[in-house]
Amino acid sequence: GGEYLTGHQGQTTCWDHPKMTELYQALADLNNIKFSAYRTAMKLRRVQKALRLDLLTLVSVVDVFREQDLQHGEHVMDVVEMIHALTGLYERLEEERRAIVVNIPLCVDMCLNWLLNVYDSGRNGKMRVLSFKTGLVSLCNADVQEKYKYLFRQVSGPGGLTDQRHLSMLLYEAIQIPRQLGEVAAFGGSNVEPSVRSCFRMVRPHTQTAQLDTL
Numbered sequence: 001g002g003e004y005l006t007g008h009q010g011q012t013t014c015w016d017h018p019k020m021t022e023l024y025q026a027l028a029d030l031n032n033i034k035f036s037a038y039r040t041a042m043k044l045r046r047v048q049k050a051l052r053l054d055l056l057t058l059v060s061v062v063d064v065f066r067e068q069d070l071q072h073g074e075h076v077m078d079v080v081e082m083i084h085a086l087t088g089l090y091e092r093l094e095e096e097r098r099a100i101v102v103n104i105p106l107c108v109d110m111c112l113n114w115l116l117n118v119y120d121s122g123r124n125g126k127m128r129v130l131s132f133k134t135g136l137v138s139l140c141n142a143d144v145q146e147k148y149k150y151l152f153r154q155v156s157g158p159g160g161l162t163d164q165r166h167l168s169m170l171l172y173e174a175i176q177i178p179r180q181l182g183e184v185a186a187f188g189g190s191n192v193e194p195s196v197r198s199c200f201r202m203v204r205p206h207t208q209t210a211q212l213d214t215l
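Just so you know, full-length UniProt numbering puts 131 at position 131 of the sequence shown, and the rest follows in order with no gaps.
Bear in mind the hints are in silico, worked out from the structure with no lab data behind them. Please read all numbers here as calculations on a predicted model, not as lab measurements. Misleading hints may appear alongside valid ones.
Keeping only pairs whose Cα atoms sit at most 30 Å apart, straight-line, the calculated DSSO-like set for lysine-lysine is [stated by the list, open to error]: (1) Lys34 x Lys49; (2) Lys34 x Lys126; (3) Lys149 x Lys133; (4) Lys149 x Lys126; (5) Lys147 x Lys49; (6) Lys19 x Lys49; (7) Lys19 x Lys133; (8) Lys147 x Lys126; (9) Lys147 x Lys19; (10) Lys126 x Lys19; (11) Lys147 x Lys133; (12) Lys49 x Lys133; (13) Lys34 x Lys19; (14) Lys147 x Lys34; (15) Lys149 x Lys49.
The calculated label-pair distances, taken between Cβ atoms and stated as ranges, are [unchecked claim]: (16) Arg197 x Ala28: 32 to 38 Å; (17) Ala185 x Pro158: 18 to 24 Å; (18) Lys149 x Ala41: 17 to 23 Å; (19) Ala99 x Gln164: 31 to 37 Å; (20) Asp63 x Asn191: 31 to 37 Å; (21) Lys19 x Arg197: 40 to 46 Å; (22) Ala99 x Thr21: 36 to 42 Å; (23) Gly157 x Phe35: 15 to 21 Å; (24) Arg45 x Asn124: 39 to 45 Å; (25) Arg165 x Ala99: 41 to 47 Å; (26) Arg197 x Gly157: 33 to 39 Å; (27) His75 x Gly122: 34 to 40 Å; (28) His75 x Asp29: 37 to 43 Å; (29) Arg45 x Gln164: 40 to 46 Å.
Backbone N, C-alpha and C fix where the C-beta goes; we use that ideal spot for every residue, glycine too.
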């Protein structure tokens with residue numbers, strides 16, 4: 001997969017992988033859907049199915065994170081670590097869904113390319129563990145509330161509390177997904193600070209931390 005990972009400088013890069021080129025052409029066809037929320041949802045569903053992440057449960061994804069020791073959100077992963085973790089993820093899928101043929105090398109290649117396009121468009125070959133987790137959890141097969149809870153735990157400390165800096169980090173990671181699909185304008189743009197301030201305004205004045213249910 002290394003041949004697909006270099007030479008991209010733009011904010012929204014194009015895939016060199018032929019299967020990814022096909023996927024992006026299919027996504028472009030969805031631009032005639034008028035309502036942005038539907039359009040974004042359709043694009044996400046196409047990506048989810050192309051990467052086979054619709055077949056992976058949150059429990060399985062989190063188990064693989066644990067096995068790969070991906071516990072510290074601010075730790076920076078390199079491409080070798082990403083490939084190792086993704087291989088573990090798709091091997092788990094193959095074990096769990098024996099009736100489904102999983103082309104592990106292709107899935108790893110495509111998922112790695114997508115994650116790098118979302119979180120490393122400058123192609124430095126590195127991303128934070130939190131970025132890696134946010135991308136995979138966002139597109140796995142799970143109830144959206146369970147995804148929220150899991151991702152919030154990644155930026156909260158003891159007692160389930162987070163602060164503005166950590167919530168900003170999480171929202172920044174999340175907004176990169178629609179940004180890469182060309183849909184960020186529908187979600188208020190890339191600046192997450194107004195959303196973070198508005199979340200904390202709902203908490204008691206002068207409180208520096210908040211729990212998920214208050215946000």
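Against the structure, the hints:
no.: 1; hint: Lys34 x Lys49; verdict: holds, 22 Å
no.: 2; hint: Lys34 x Lys126; verdict: violated, 36 Å
no.: 3; hint: Lys149 x Lys133; verdict: holds, 13 Å
no.: 4; hint: Lys149 x Lys126; verdict: holds, 26 Å
no.: 5; hint: Lys147 x Lys49; verdict: holds, 18 Å
no.: 6; hint: Lys19 x Lys49; verdict: holds, 13 Å
no.: 7; hint: Lys19 x Lys133; verdict: holds, 23 Å
no.: 8; hint: Lys147 x Lys126; verdict: holds, 24 Å
no.: 9; hint: Lys147 x Lys19; verdict: holds, 28 Å
no.: 10; hint: Lys126 x Lys19; verdict: holds, 23 Å
no.: 11; hint: Lys147 x Lys133; verdict: holds, 11 Å
no.: 12; hint: Lys49 x Lys133; verdict: holds, 18 Å
no.: 13; hint: Lys34 x Lys19; verdict: holds, 26 Å
no.: 14; hint: Lys147 x Lys34; verdict: holds, 27 Å
no.: 15; hint: Lys149 x Lys49; verdict: holds, 23 Å
no.: 16; hint: Arg197 x Ala28: 32 to 38 Å; verdict: holds, 35 Å
no.: 17; hint: Ala185 x Pro158: 18 to 24 Å; verdict: violated, 38 Å
no.: 18; hint: Lys149 x Ala41: 17 to 23 Å; verdict: holds, 21 Å
no.: 19; hint: Ala99 x Gln164: 31 to 37 Å; verdict: violated, 47 Å
no.: 20; hint: Asp63 x Asn191: 31 to 37 Å; verdict: holds, 35 Å
no.: 21; hint: Lys19 x Arg197: 40 to 46 Å; verdict: holds, 41 Å
no.: 22; hint: Ala99 x Thr21: 36 to 42 Å; verdict: violated, 29 Å
no.: 23; hint: Gly157 x Phe35: 15 to 21 Å; verdict: violated, 38 Å
no.: 24; hint: Arg45 x Asn124: 39 to 45 Å; verdict: violated, 29 Å
no.: 25; hint: Arg165 x Ala99: 41 to 47 Å; verdict: holds, 45 Å
no.: 26; hint: Arg197 x Gly157: 33 to 39 Å; verdict: violated, 20 Å
no.: 27; hint: His75 x Gly122: 34 to 40 Å; verdict: violated, 19 Å
no.: 28; hint: His75 x Asp29: 37 to 43 Å; verdict: holds, 38 Å
no.: 29; hint: Arg45 x Gln164: 40 to 46 Å; verdict: violated, 32 Å
Against the hints set out earlier in the document, violations occur for numbers 2, 17, 19, 22, 23, 24, 26, 27, 29.
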